[in-house]
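S.K.: Here the protein sequences come in this chain order: U and F.
Note that my numbering has the first sequence beginning at 9, numbered continuously upward.
Note that my numbering has the second sequence beginning at 768, numbered continuously upward.
Please keep in mind that the hints were generated in silico from the structure rather than gathered at the bench.
Because the structure is a prediction, the values reported are computed rather than measured.
Hints are all accurate, no fakes.
Now the stretches of chain F that chain U is said to cover, found in silico as 3 or more residues with beta-carbon under 8 Å:
#1 842-850
#2 867-874
Some chain F residues near chain U, calculated using beta-carbon distances under 7 Å:
#3 A813
#4 L815
#5 V853
#6 H857
#7 T916
Derived, one-sided and incomplete: chain U residues facing chain F with beta-carbon distance under 10 Å:
#8 D166
#9 Y169
#10 E171
#11 A172
#12 A173
#13 R174
#14 S175
#15 G177
#16 Y180
#17 R182
#18 V183
#19 R186
#20 V187
#21 L191
#22 R193
All C-beta atoms, glycine included, are put in the ideal place defined by N, C-alpha and C.
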Amino acid sequence: MSRAKIPAAIGILAALGLLLFLLPLAGLIVRAPWNQALGELTDPTTTTALGLSLFCSLTATAIALILGIPLAMILARTRGTLRNVLRALTTLPMVLPPVVGGVALLLAFGRRGLVGSLLYQAFGIQIPFTTAAAVMAETFVAMPFLVIAVEAGLRSLDHRYEEAARSLGAGYWRVFVRVTLPLLRPAIFSGAVLCWARALGEFGATITFAGNFPGRTQTVPIAVYIALETRPEAAITLSLILLVVSVALLAGMRERWLGAL
Amino acid sequence: MTLDAVVRVRRNGFTLDVALTAAAGETVAVLGPNGAGKTTLLRALAGLDEMEGRVVLDGEVLEDTSQGVHVPAERRRAGLVFQDHVLFPHLSVVENVAFGLRAQKRPHPAAVAQRWLVEAGLGDRAGALPRALSGGQAQRVALIRALATEPRLLLLDEPLSALDVSVRAEVRRELTRQLDSFRGVRLLVTHDPVEAMALADRLVVLEGGLVVQSGTPDDVTARPRSRFVADLAGVNLLRGRAHGDQVLLAGDASVAAVSAGEGDVFAVIHPRAVALYRSRPDGTPRNVWHGEVDSVDLHGDRVRVRVKGPVPLVAEVTRGATLELGLTAGATVWMAVKATEVSVYPA
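Construct the complete structure from the given sequences, taking the supplied hints into account.
M.R.: Right under this line is the structure:
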């Protein structure tokens, strides 16, 4: 142990900071209606919201994987001003208030939106306030986490693996599938987990763009917010579920990080 | 089967400009100091980097920038072996070897790969992941991986340099064995003269992006044409203009030699032929120069004394002599070399 002393003031501030994290969690656990928890869990409103949340967040993660990996490749393997602008735009949703994202999505894909009006006129398709809208909102907010992780993975990848594969006669797609993707697996995995966690907790953009329709767009975070007024026990139970999922994710990721060391 | 290449690469103020031919059955080593452009040359030949010029392998044009021809790396059948194996870390040893066979749609890739490994005495490592191999084993697997696809051109990028000295001999043996039975064109780049001398039939010396000398290892070291080659051969190399029995160096100095000829020449003096004195010697040697000891390096019981002055030379003397003469850095000395010990050839 180093013998350098830490001043008391820093210790006190750190303790305050820790309390700010821990007290709300303690409140959640202490006030949890443990005897009613099972009942709440099997309540149709809860199960519907849970099922919808799972479906939307997993779909959003899948879309993020399909679109985000190619995007990360473009960002990692090109240079120039255009790339820098693209990169900034890609990461914008990470810092943008989610509700602004929701408004932006409405303006683009709403019935009178930029693209939405065309879709409506040509095919009669309306996106806002559907499950698809919830998925889009979650993808919009969560995909940057995947893109950033995969881009970082690509940057630290030794290009000579791909060059060795090419010199052995492997064409682009074989190199991509058999060499690049497997070597990127840790980055893709952690990016996908972060992306999924963000999608699962999405509230602002979803409620703005998709609204609050039980069974269609009412995901768990929205259900928690709504239930807080009328059925606080349900809100607490659902919150606990999200908490457990988050802790499990963190533990899983930690294992992975430690394993990589 | 032959390789005929003219490769030009310009990058960040560096220009590589090399014409190279190599026949099947001979190992050509491109030897040069770091930064000479060796790896650039290899990568251009492999089709991995952009280049200008023309590369023809066995009659097939792989690259001709004037005609817009470029055969991509994956269709060149040029096996590449990197300095540090670059085995795919997520694939087992046998799958690493089978990778190229699968890519080229050869029959029974796993069985063929296994046979290659068994022949190299690595059969028991087939199921291991690359990280479980020793450095020497990994590099041998990397060599087998490149050879298993039966390339027409084998490109080796400093294949022994990253290895511990203790395992170099093991890998060099394997390399020699594999190179002997390989029927394509073999090209090795290295900055290590020992590696080049041990493996190559012909040397091409590259410096600053240009070929400064080529020939058999004996030719090259007998008649160095650059500082780099002279250093690796352990001889003194001087450049000047010959006139009669004299070679005029830059500055005012001159070297007496036997029939030096006329024009630009190299003069080579072996360090063993340089005698050192504390005062100006008076004798038969025609070359007597004054200088200051720059450094003294011990090589076993021999000492290499580097002397700076109008004619900078390295002298090789015994340990006893250095003690007796008090040769330390900064000491002033006289050097004497007989004219018959100076070999001169056209630059």
